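**Student:** Residue-level listing of the chains:
Protein chains: 2
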Amino acid sequence: MKNIVDNIEVRAREELFININPIQPGGRLTTEAMKAIIAYGDGYSTCDWCKKPFRLDKIQRPPIDEFHTELAKFLGMDQVRVVPGARRGFQAVVNSLVEKGDAVIVSSLAHYTEFLAVEAAGGMVKEVPLNKNNIVTAENTTQKIEEVKKETGALPKLIMIDHFDYMLGNEHDVHGIAKVSKDYNIPFLCNGAYSIGVMPVNGKEIGADFLVGSGHKSFASPAPSGILATTEKWADKVFRTTRMVGDSTKRKFGIKEVEMMGCTLMGANLIAMMASFPTVQERVKHWDEEVKKGNYFAEEFLKIEGNKILSEMPRKHTLTKVDTTESFDKIARTHKRRGFFFSDELKERRIVGEFVGATRAWKLNTYGLTWDQVKYLAQALQDIAKKYGINMT
Amino acid sequence: MKNIVDNIEVRAREELFININPIQPGGRLTTEAMKAIIAYGDGYSTCDWCKKPFRLDKIQRPPIDEFHTELAKFLGMDQVRVVPGARRGFQAVVNSLVEKGDAVIVSSLAHYTEFLAVEAAGGMVKEVPLNKNNIVTAENTTQKIEEVKKETGALPKLIMIDHFDYMLGNEHDVHGIAKVSKDYNIPFLCNGAYSIGVMPVNGKEIGADFLVGSGHKSFASPAPSGILATTEKWADKVFRTTRMVGDSTKRKFGIKEVEMMGCTLMGANLIAMMASFPTVQERVKHWDEEVKKGNYFAEEFLKIEGNKILSEMPRKHTLTKVDTTESFDKIARTHKRRGFFFSDELKERRIVGEFVGATRAWKLNTYGLTWDQVKYLAQALQDIAKKYGINMT
Chain A
1 MKNIVDNIEV RAREELFINI NPIQPGGRLT TEAMKAIIAY GDGYSTCDWC
51 KKPFRLDKIQ RPPIDEFHTE LAKFLGMDQV RVVPGARRGF QAVVNSLVEK
101 GDAVIVSSLA HYTEFLAVEA AGGMVKEVPL NKNNIVTAEN TTQKIEEVKK
151 ETGALPKLIM IDHFDYMLGN EHDVHGIAKV SKDYNIPFLC NGAYSIGVMP
201 VNGKEIGADF LVGSGHKSFA SPAPSGILAT TEKWADKVFR TTRMVGDSTK
251 RKFGIKEVEM MGCTLMGANL IAMMASFPTV QERVKHWDEE VKKGNYFAEE
301 FLKIEGNKIL SEMPRKHTLT KVDTTESFDK IARTHKRRGF FFSDELKERR
351 IVGEFVGATR AWKLNTYGLT WDQVKYLAQA LQDIAKKYGI NMT
Chain B
1 MKNIVDNIEV RAREELFINI NPIQPGGRLT TEAMKAIIAY GDGYSTCDWC
51 KKPFRLDKIQ RPPIDEFHTE LAKFLGMDQV RVVPGARRGF QAVVNSLVEK
101 GDAVIVSSLA HYTEFLAVEA AGGMVKEVPL NKNNIVTAEN TTQKIEEVKK
151 ETGALPKLIM IDHFDYMLGN EHDVHGIAKV SKDYNIPFLC NGAYSIGVMP
201 VNGKEIGADF LVGSGHKSFA SPAPSGILAT TEKWADKVFR TTRMVGDSTK
251 RKFGIKEVEM MGCTLMGANL IAMMASFPTV QERVKHWDEE VKKGNYFAEE
301 FLKIEGNKIL SEMPRKHTLT KVDTTESFDK IARTHKRRGF FFSDELKERR
351 IVGEFVGATR AWKLNTYGLT WDQVKYLAQA LQDIAKKYGI NMT
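Sequence order for the protein chains is A and B.
Quick note on numbering: the first sequence equals residues 1 to 393 in this note's numbering.
Quick note on numbering: the second sequence equals residues 1 to 393 in this note's numbering.
Mixed in with the good hints there might be a few duds.
The list treats identical chains as one, so a pair stands whether inside a single copy or across any two.
[As the list claims (entries may be wrong)] Straight-line Cα separation of at most 20 angstroms, SDA-like style, residue types lysine to any residue; simulated pairs: (1) K35 - R13; (2) K157 - G122; (3) K51 - V356; (4) K100 - A138; (5) K35 - R11; (6) K58 - G357; (7) K330 - F17; (8) K73 - N202; (9) K35 - E15; (10) K292 - E282; (11) K250 - E147; (12) K52 - Y166; (13) K58 - F355; (14) K179 - Y376; (15) K387 - R350; (16) K100 - M124; (17) K347 - D48; (18) K52 - G357; (19) K58 - K182; (20) K375 - N21; (21) K387 - D329; (22) K250 - S108; (23) K179 - G207; (24) K51 - S343; (25) K204 - E70; (26) K252 - T325.
None of these hints come from the bench; they were simulated from the model.
Quick caveat, the model's predicted, so the values are computed rather than measured.
Same shape as in the complex, but just chain A (with noise of 0.2 angstroms):
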């Protein structure tokens, strides 16, 4: 239909606004990306040059085989492989270890994606409760584990948990439930689709046998694009290739990675991680700002009376969850445009990107603002709040 072209419009929020949408800061792309979107937007462009084996991950031109030792080193892990998105990952991780009816260690943040990936391979979800912090611990994880035995009678099969969750942008004690997982010997799949690509994640380091990542949420990569990332010890298990053969035709594709379903991100997407991938190195060096710009905007915004933050205190991310409700909800309970009053003054003032009409419980992420811009968030809220008379503390 004409009609649906008509109605794509021309997307120019990062251009026009200050955008402080949760999950796409992360995900805007490098002018870099963008000039390899355009060189590479065909279907299979980066097809022109692929040789024996014939795999992606393989290819020299461009430099598809180089980004791929680069990037396993960039996170301290032995093995990757590029995949249309986080979920795909899991998928491929839990669809190896997890058979019907195995248990599955997660957190009680966990993403929808790990519940699905975990309910396509026939298993069932554990959930470690939170502590009084909202943090996973150590502790609880162990806690959890010891349930699951004892209820099923066996070992969760694999525990996979958010290094920073996308609901309260907290730190996990990831470093702490990989030592768990090494004492039980279970698995351990660290979900860092909230760190990997805009601050240092070392998998080693953290203990991980597994680390999942996002190209359109930290990547500077367009969707659908993610990252895995395994140690030599599961490489031959999740990246296995074929055994199939054809009964009639005797066929073998024995170079082609069964879970990755052969190759799995053909095209312009890969070319823009790779394009990201210079300044995703260098920005995550800098991590340290961005944080202390979400701590200036958190103190900044707590200054308007009734404001509360529902995530930890002081952040370590720029993923944040508020809640306004004894503040700009009041006024929105009387206004003729209810929650709306609060996205047309943040319009009006040029920033988008809050959930349109919430004035309660809703999430913002601060990163890759200049300090000049999250000054003028700060400031734009308290006006907003002053012009509805909410005092400041």
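For this one, chain A is given, so just place chain B on it according to the hints.
**Tutor:** Relative to chain A, chain B alone:
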């Protein structure tokens, strides 16, 4: 590494050359798709206006929901989802229907990703032998089903056959096979990776339970992108929503579909598919002309003494496997550049996309070339033949 970016060459083969690559022409972006990926390149670009029920195919702005509806109509199916490549469509269907040890009927020319999808689910492939014209027939499919039944004591759980195969570009009897599948009450997945998006394909007319297409192969879209369509009968099974409940938090994510891993193809790739859709709808009407050009090429190609066409004749597809063992390969055998002499000659004539160095059996695709370009291509091959003293017949 800065190095990696420096070594990403600007890809311009579609601009500078006639590209006869077997898998690339159907996935060349339209102008609209190119504009779309520029506007929607950023990671979570499609999520700006995501509202309840928070699922990609329900998003109204941009009109992703409308696209899904129109795409289903276009394919003559009831429901459709976009997926990161046709292979992820196979995976979703196979993982929904196939248990460990179950048999799946595939073609003797099945794509390797069909093998992998079956292997990942723990099933086994059973290949239907080709007839003497290298076609998968209803008769041979019936016979294979009977063999499997006899051998394993159970019927296969799925029949998965390519509409046109990747090797020869031959058309297989998917209409007849659909009837067989109904007789046996076995679901039928028709792999339209080489047909959906370049020619008219109607799933209901074929009688398919599942239709799988490829965005980067035949729908003028970036990789990875693909289509999985089905009927009401099967939608509840393959697009089943999650039933997993967090044991500790009691969390549910009821709207998310298990085999889709939730949202599937967020971002630029989906918007590119949408942007290409009107062009795709129009271009499938002109498939006859594309086939005409393909047959013109085939006839001119066969005028070179020793040349053979391994695909069925007359051609019904623009993807064709040729054999030049008795023509160009004879030259290669004594040429100092070996098989590369042929690539050199083509490149000098601004033609690329043949398998570099290959002079025996190789594939080419004339899809999307103008008549002038097809004539030029045929002439160029004849010129090369003449230059090396190969006769014309």
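**Student:** For each hint, tell me whether it holds in the structure or not.
**Tutor:** How the hints compare with the structure:
1. K35 - R13: For K35 and R13, both the intra-copy (19 angstroms) and inter-copy (16 angstroms) Cα distances are at most 20 angstroms.
2. K157 - G122: Classified as both: same-chain Cα gap 12 angstroms, cross-chain 18 angstroms, threshold 20 angstroms.
3. K51 - V356: between (49 angstroms within a copy, 9 angstroms between copies)
4. K100 - A138: neither (26 angstroms within a copy, 35 angstroms between copies)
5. K35 - R11: both (17 angstroms within a copy, 11 angstroms between copies)
6. K58 - G357: between (48 angstroms within a copy, 19 angstroms between copies)
7. K330 - F17: Neither, since 26 angstroms and 64 angstroms both go past 20 angstroms.
8. K73 - N202: within (9 angstroms within a copy, 48 angstroms between copies)
9. K35 - E15: both (16 angstroms within a copy, 16 angstroms between copies)
10. K292 - E282: Within one copy, since 17 angstroms is at most 20 angstroms while 54 angstroms is not.
11. K250 - E147: The answer is between: 17 angstroms across copies meets 20 angstroms, while 47 angstroms in one copy does not.
12. K52 - Y166: Cα proximity of K52 and Y166: across copies only (18 angstroms, versus 40 angstroms in one copy).
13. K58 - F355: between (42 angstroms within a copy, 17 angstroms between copies)
14. K179 - Y376: neither (43 angstroms within a copy, 66 angstroms between copies)
15. K387 - R350: So K387 and R350 pass the 20 angstroms test inside one copy only (17 angstroms; across, 67 angstroms).
16. K100 - M124: Result: close both inside a copy and across copies, 8 angstroms intra and 18 angstroms inter.
17. K347 - D48: So K347 and D48 pass the 20 angstroms test across copies only (14 angstroms; inside, 45 angstroms).
18. K52 - G357: between (54 angstroms within a copy, 12 angstroms between copies)
19. K58 - K182: neither (32 angstroms within a copy, 42 angstroms between copies)
20. K375 - N21: within (17 angstroms within a copy, 53 angstroms between copies)
21. K387 - D329: within (14 angstroms within a copy, 81 angstroms between copies)
22. K250 - S108: Between copies only: 9 angstroms across chains, 47 angstroms inside a chain, cut-off 20 angstroms.
23. K179 - G207: within (7 angstroms within a copy, 55 angstroms between copies)
24. K51 - S343: Classified as between; 15 angstroms across copies, 53 angstroms inside a copy.
25. K204 - E70: within (15 angstroms within a copy, 48 angstroms between copies)
26. K252 - T325: neither (61 angstroms within a copy, 25 angstroms between copies)
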